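Q: Each chain is listed here by its residues.
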Amino acid sequence: MNNELELKDLYDGFRDAKTIKAYAKIIKEDAKLLDKDIHIMEVCGGHTHTIMKYGIPQLLPSNIKFIHGPGCPVCIMPKERIDNAYVLSMQENVILVTLGDMIKVPGSKASLQDARAKGADVRFVYSPMDCIKIANENPDKRVVFFAIGFETTTPMTAALIQTVIKQDIKNICFHINHVTVPEVMCELIDTTDHNIDAFLGPSHVSVISGSKIYEIFPKEYKIPVVVGGFEPVDVMQSISMIVKQFIEKRCELEIEYKRLVSYDGNKKAQDLMSKYFEKTTFKWRGLGNVKNSGFELKEQFAKYNAKVIYKDVLPTQEKKDHKLCICGDILRGVANPPDCTIFGTACKPTKPVGSCMVSSEGACAAYYKYGNLI
Amino acid sequence: MNKTITLAHGNGGAENNELINKVFYKAFKNEILSKSEDAAVIHGGELAFSTDSFTVSPLFFNGADIGKLAICGTCNDLSMMGAKPKYLTCSVIIEEGFEIKSLEKIVASMKEELSKNGAIVVSGDTKVVPKGSVDKIFINTTGIGEIQYKGISSNNISEDDLILVSRDIGAHGATIFAAREGMDLETSLKSDCTSLYPQVEALIKSGIKITALRDATRGGVSAVLNEWAKQSDICIEIQEDKIPVCDEVNGICEMLGFEAMSLANEGTFVLAIPKEDAQKAIEVLQTFEEAKNASIIGKVTQQYEKKVVLHSSWGTKRFLETPTGELLPRIC
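Line by line, the protein sequences are chains E and V.
Following the working numbering, the numbering of the first sequence begins with 1 at its first residue and continues without gaps.
Following the working numbering, the numbering of the second sequence begins with 375 at its first residue and continues without gaps.
Simulated from the structure, these hints should not be mistaken for laboratory data.
Here the structure is a predicted model, which is why all the values come from computation and not from measurement.
Mixed in with the good hints there might be a few duds.
Unchecked claim - Pair by pair, the computed Cβ-Cβ distance ranges are:
#, chain 1, residue 1, chain 2, residue 2, range
1, V, GLY689, E, ASP190, 37 to 43 Å
2, E, ASN138, V, LYS475, 23 to 29 Å
3, E, TYR221, V, LEU381, 43 to 49 Å
Stated by the list, open to error - Below are the BS3-like pairs computed for lysine-lysine, each with C-alpha atoms no more than 25 Å apart in a straight line:
#, chain 1, residue 1, chain 2, residue 2
4, V, LYS396, E, LYS348
5, V, LYS400, E, LYS351
6, V, LYS485, E, LYS53
7, E, LYS351, V, LYS510
8, E, LYS118, V, LYS377
9, V, LYS505, E, LYS118
10, E, LYS323, V, LYS377
11, V, LYS377, E, LYS18
12, E, LYS351, V, LYS680
13, E, LYS348, V, LYS680
14, V, LYS616, E, LYS53
15, V, LYS510, V, LYS485
16, E, LYS18, V, LYS691
17, V, LYS505, E, LYS133
18, V, LYS681, E, LYS348
19, E, LYS28, V, LYS564
20, V, LYS680, E, LYS65
21, V, LYS579, V, LYS604
22, V, LYS691, E, LYS21
23, V, LYS377, E, LYS319
24, E, LYS53, V, LYS681
25, V, LYS604, E, LYS109
26, V, LYS681, E, LYS351
27, E, LYS28, E, LYS8
28, E, LYS133, V, LYS485
For every residue, glycine included, the Cβ atom is placed at its ideal position computed from N, Cα and C.
Okay, chain E solo, but in the shape it has when bound (with noise of 0.2 Å):
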């Protein structure tokens, strides 16, 4: 008998119709319990493109709304760094390597796929550790790694770090923008005029950091959060378990993905994150400077970080976003994409005006794509 665990049955029970069709039931029984309308802010794109592409606002109940939080790496990131990107992939002796849609994203004049149709070399990776193999192949250049994303990416680019130190690799060095989610949580709370009654944590960030990130909300600002996996049956579970607080007067912080987050996380990804990376603040597109929600290169690997390096043709001046696009409003969770005067007519995922646009994280493209009508 063959054991072996594959891949289709992590994701296969858990888009059951059945399953999901019962949750339905369930929720929609106990919201007729609700003494107001319930929002929760789904935190994390992968989570807001779930929601979109499987339909699940179409079996909740009208007194359940999803608010669109910031968390697509993509989406976040403001045009000054894409700058930073492009410049780099334009010098001479330079592999610019980065992840998946970040070579779609527009900075102030041109994105790194356009970079790649005027000859420079622009690469993308499955896996941060990938530019090894680049570097080792193209020894007379330089490989930069545009390092992007949260908790969930970070380790990967800590781990290539060390391997880069380890095996005294010089031809490679690193633009870090990564970005943490506690911080801008507190931030949207803390300066938005909110209307989020409850948090849908995104469970991958907790495999690493734990769910003990997200106490603070419960305890101090008085509003739940349930870290939840991204399949549809996950979703359904979490936002049951949401309700569920509500209608017993309950306010805390629980695991719905308990097949992978625990309380403290991965403590050995922890600690290679902080052994490289110390925090910074990091200008969030739309939100402006957020304290310490940004990891940056201790200063003491300096010689590995690109910003050092090419700091005499990196631009530095800040760049405002189109003046039709409301991204920023749609990061805060204080608008939806079809507000926004340019979804679906100037801004579309064939030629995005804004980021939220351009990222399949990205809740502009989610509607678009997923049923912007339906």
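Starting from the known structure of chain E, arrange chain V on it as the hints suggest.
A: Frame of chain E; chain V shown alone:
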């Protein structure tokens, strides 16, 4: 439209359509071209005529190589108009330094596939260009076929038709992704690349009425359905759980954040068949080993004009859009 060409302009999806419409159709506009069929119907409806160029990396992959693709691609375009492939031209652009042994292997694949179609190469051209000017080898094939069943058109689909697919989808696109550098994926997945004329011929011989056929190459089933919805001014409603997708394709889609409906195929076609003949068409297709998963996946309505609607098994629905952009893996 962008000022320069990007890889997205060759994706078989929205940007590709825009480029074709705004540059090529604008210049070459004529009655035959504007029908946007898989192959042009010429010579008083007797002949089908089509051309295609092939660039693929890697050149050799599980289930096929660029040579087999180059024959299947053009012959299948002819087959989709109910035509039997007869005469092909073959034009190759080869990069300096390319191994003759690899070229011979590619040509042997072409020969084998030509015989399956009963077609011959009657004219050709060879160009060699300096290293770096092309990626190893590019092949163009052009073909002429004799139409065996007249009237097939993507512009005539109506509520009298049901929508079918000939087999499980996305195998070619997923195989190519798995074989790409940097993936290191071990998989037994095989491209679906095959000549479709034998299946089309069997449908014709069994007396089944055919409204439209299209092989779901770049842009996948999703692009075909959207093109049909626009060309025939209809709404196509698809039942997601009826779409055959093998576990390995699903696995690759899961890992990289793709949809099987948008992945390329090289031996899978979509059919619009009158309701009364749809079940018989499935039975005929299922006599072929490669089409044993043939399935009726949807119907034609007028609910949302020029749109494709995907219904989930738990009762939700959403639009299935034409794929856009270069297929890139999701970040997290």
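Q: Could you run down the list of hints and mark each one as holding or not?
A: Cross-check of the supplied hints:
1. GLY689(V) to ASP190(E): 37 to 43 Å: For ASP190(E) against GLY689(V), whose Cβ atoms are near 40 Å apart, the range 37 to 43 Å holds.
2. ASN138(E) to LYS475(V): 23 to 29 Å: 28 Å, holds
3. TYR221(E) to LEU381(V): 43 to 49 Å: This hint holds: roughly 45 Å between Cβ atoms.
4. LYS396(V) to LYS348(E): 18 Å, holds
5. LYS400(V) to LYS351(E): 21 Å, holds
6. LYS485(V) to LYS53(E): Measuring from Cα to Cα gives roughly 44 Å; hence the hint is violated.
7. LYS351(E) to LYS510(V): 32 Å, violated
8. LYS118(E) to LYS377(V): Within the cut-off at roughly 11 Å; holds.
9. LYS505(V) to LYS118(E): Answer holds: LYS505(V) to LYS118(E) is near 19 Å, not above 25 Å.
10. LYS323(E) to LYS377(V): 22 Å, holds
11. LYS377(V) to LYS18(E): 49 Å, violated
12. LYS351(E) to LYS680(V): Roughly 21 Å between the alpha carbons, so the hint for LYS351(E) and LYS680(V) holds.
13. LYS348(E) to LYS680(V): Distance of about 18 Å is within 25 Å: holds.
14. LYS616(V) to LYS53(E): Roughly 17 Å between the alpha carbons, so the hint for LYS616(V) and LYS53(E) holds.
15. LYS510(V) to LYS485(V): Since the Cα atoms of LYS510(V) and LYS485(V) sit roughly 20 Å apart, the hinted pair holds (cutoff 25 Å).
16. LYS18(E) to LYS691(V): Between LYS18(E) and LYS691(V) the Cα gap is close to 16 Å, so the pair holds against 25 Å.
17. LYS505(V) to LYS133(E): 23 Å, holds
18. LYS681(V) to LYS348(E): 17 Å, holds
19. LYS28(E) to LYS564(V): It is violated: about 45 Å lies between the C-alpha atoms, which goes past 25 Å.
20. LYS680(V) to LYS65(E): 30 Å, violated
21. LYS579(V) to LYS604(V): 30 Å, violated
22. LYS691(V) to LYS21(E): Answer holds: LYS691(V) to LYS21(E) is near 14 Å, not above 25 Å.
23. LYS377(V) to LYS319(E): Holds - the C-alpha atoms of LYS319(E) and LYS377(V) are around 23 Å apart, at most 25 Å.
24. LYS53(E) to LYS681(V): 16 Å, holds
25. LYS604(V) to LYS109(E): With Cα atoms ~34 Å apart, LYS604(V) and LYS109(E) exceed 25 Å; violated.
26. LYS681(V) to LYS351(E): Holds, because 21 Å separates the two Cα atoms, which is no more than 25 Å.
27. LYS28(E) to LYS8(E): Not OK: LYS28(E) and LYS8(E) at ~30 Å, beyond 25 Å, violated.
28. LYS133(E) to LYS485(V): 38 Å, violated
Going down the numbered hints, you'll see the structure goes against 6, 7, 11, 19, 20, 21, 25, 27, 28, while the others check out.
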